[in-house]
Amino acid sequence: MRLAGPCAVVLACGAACAAGPYASNGAKLGEALAFAAAAAAAQVVQSEAERHARNSAPVTRSSMGAAVAQGCDNDDQYACVSVTAAAPTGPAPAPEMSEDDARDYVLGYVNGVRKLNGTGPLVRDESLDTFARAGSDELAQDHRPSQHMIDHAREIRAGSVEVQGSPDGSPPGSVQDRIAEILLRWMGEGPGGIHHDAILRPEWRKVGVGIATSTGRMYFTVDFSG
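With the numbering used here, the residue at position 49 of the sequence shown is 239, and numbering never jumps.
Because the hints were derived from the structure by calculation, they are not lab data.
All values derive from a computational prediction rather than experimental measurement.
Here are the simulated DMTMM-like cross-link-like pairs (lysine to aspartate or glutamate), alpha carbons at most 25 Å apart as the crow flies:
| hint | residue 1 | residue 2 |
| --- | --- | --- |
| 1 | K396 | D294 |
| 2 | K305 | D367 |
| 3 | K396 | E379 |
| 4 | K305 | D294 |
Whole structure, please, built from the sequences with the hints as guidance.
Shown next as structure tokens:
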């Protein structure tokens, strides 16, 4: 690769950027669906119980796993039923993102916000992907933000910028949710924020994304170049 001059820029997210309490849209949707499924099951159980109590019907099963049966001795004073319900089942969770899928996800997000801000699109660059992955691997080992660029700036062209997530990594969870949380936080800095401004700089033409996982935590690096 071409040697970089002293103008290579180093940007990284320090401990102050560690993720705070945050629930992604995906996580919120998952919780909402789970509550909805549980409520629907409870409603089926209740309606079945009431109907069979009134009609003294034999054992039946609902389509959602609720079982209703006569089964107690109350001297014929009223119909008595017992109700059990299986745990509600929902759709199988979506498969986890591959690293390549995650890179495309970042590219789509970055190009989306650049378009909204009147800035041209980027393309993924394989050499920058490799460089960014090395940055995440290094961050996972030494937890020193910006050290990767300091050590290896000469390996990429001048005028490049590297931004990184928390030096302690993102806590366990969906790769997509963790990446979305980081990107949303970066853009949430607003004008003047180092990550916000790095993403929107008009001179960039290429982007590279590196993701590393260690002890369940995700380390995230993005490199930009002209």
